[in-house]
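There are 2 protein chains.
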Amino acid sequence: MRAALVDREGRIHGRVKAPTPAGDVMAALKGAIEGLAKDDVINDVIGVGIGVAGLVDRRAKRVLISPNIRSLDGQGFEGLYPGRTLALENDANAAAMGELWLGAGKRFPSFVLLTLGTGIGGGFIHNGRLLDVAAEAGHMSIDKEGPKCVCGNYGCLELFASARAITGAVVKALEGGVESALRGLYEGNVYKLTAEDIFKAASDGDGLSREALKEAGRYLGVGIANLINLLSPDAVLLAGGLTGAWDIYVAEAVKEAQKRALKSLFESVGILPASLGDDAGVLGAARLVLEPDSA
Amino acid sequence: MRAALVDREGRIHGRVKAPTPAGDVMAALKGAIEGLAKDDVINDVIGVGIGVAGLVDRRAKRVLISPNIRSLDGQGFEGLYPGRTLALENDANAAAMGELWLGAGKRFPSFVLLTLGTGIGGGFIHNGRLLDVAAEAGHMSIDKEGPKCVCGNYGCLELFASARAITGAVVKALEGGVESALRGLYEGNVYKLTAEDIFKAASDGDGLSREALKEAGRYLGVGIANLINLLSPDAVLLAGGLTGAWDIYVAEAVKEAQKRALKSLFESVGILPASLGDDAGVLGAARLVLEPDSA
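Those protein sequence lines, which keep their order, are chains G and A. Mapping of the first sequence onto the working numbering: residues 1 to 295, in sequence order. Mapping of the second sequence onto the working numbering: residues 1001 to 1295, in sequence order.
In isolation and in its complexed conformation, chain G is listed as follows (with noise of 0.2 Å):
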């Protein structure tokens, strides 16, 4: 859990970060935010945004599911503060507006985030506004015959691009035999190597570490292809930590993506990286609390 207070102009007058509780989330949300705005500014507080790594109902101030955080699946926020505003969104949405008013995004009328990360997130951004959609871009099947994934669905492009796969495809590598520096870390055990040591391991060379990067990015670049042909938007803002392997990792998706995007359509798109980090979640919902018209 992560939490600011923000001002009107977006500035950041004090963060927070906390384990997401297994138990009563209303009480640790109000917890973190009056550590946050203490005494009296609490009265000046004008609403609260929420981003959740779910899917939301919007209107009634519910999280539908949420995968990753069960204890927040069915969760409401309605009575949180009555009177103020009060803003849920998901948070790959949160951070696309994050984007638009502040950030990489501030320069495209219609853009799409990826948050890439364990797993792969979805923002859209059309004619500068945030679109109220799922946009679950990490659920997008890529492989129609593909493996079951957590959601339900088949052959999820998470499946294929996501740090977890990196790290995955890599682990199996390495039990199948693949000679690698990476067996060289943790005394062997392949199971503790994260995505980061997998770039580390690939920016010296490494030949497995390189390959599974390289593979990720391409199937990332079947995503982004699929993004642009149906969204046709002026960029595509890559966030998350894959994105410190840009040289291999997203290169490779741009290179995939400009081999199948229509061409017109990928003739007149940025991919770039995004630029608000983590701060981008909570300043975005902060936007939808001040201007609960940007959606």
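Just so you know, the hints here were simulated from the structure itself, not pulled from any lab data. Just to be clear, a hint being listed does not mean it is correct.
[Claimed, not checked] Partial pick of chain A residues on the chain G-facing surface, computed with a CB cut under 8 Å:
#, residue
1, L1055
2, I1065
3, A1134
4, A1135
5, E1136
6, A1137
7, H1139
8, Y1219
9, V1222
C-beta: ideal position from N, C-alpha, C; glycine also.
With the hints as your guide, set chain A onto chain G.
Chain A only, in chain G's frame:
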């Protein structure tokens, strides 16, 4: 080429249908329009709305690329009737607009329209407005290692779920020696078979025809699930010739989409036939002239 004279209430006062000329498109279009709006009626025409199979630059009123009607590539329409409103849209987008105005889409604030014919087109309505995006749903890859499509992408939905895909699969099976009542048609010339022949044989119980329709339907379901996960529409409206095989092809698509789409999104989506038939496109194009802010 299909043209109609439409009034402010969406009543159609005349229709023409003619082959799209390989040569002077503007002259042919003017001919069609003036054939419909005879004598001084032309003076009352406030504008012309055009739907084109392909990618368009709406602002420049220019076709970017029309893969099936190459004479339209790069065609500009700005000078058609100077001083009158001109709207240029993709044909499936125009059809979505038509269904929103006067058809099955009237009761859904947000829906996806898919046109299921030789190829597959898409149009997206969001909160009562046409999303002015490419919406090339037929060119979303659902098979990252799939065969190459004319569009440049690989594994496009259209390659697996369109009428062309169905006839292709049937012909291949017949060439391979599979038994089917279809062999009795066209004195055994299987290359003359149409999707309609296959529907008819399927409803007469022909096994190959049923299998081909079901398989294509299953792939359509993969595409529909992707669109649900991305756009969380209130409805998916299906138009075009293939909807004639609703009980086999579409039924299979619905079953597959239900298996794959995020549960809480699928529960709130209707999958229904569009209602305007071939008039959807001309009505939608007319609506874009009458209400330019509807997109």
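| query | Which numbered hints does this structure break? | reply | none
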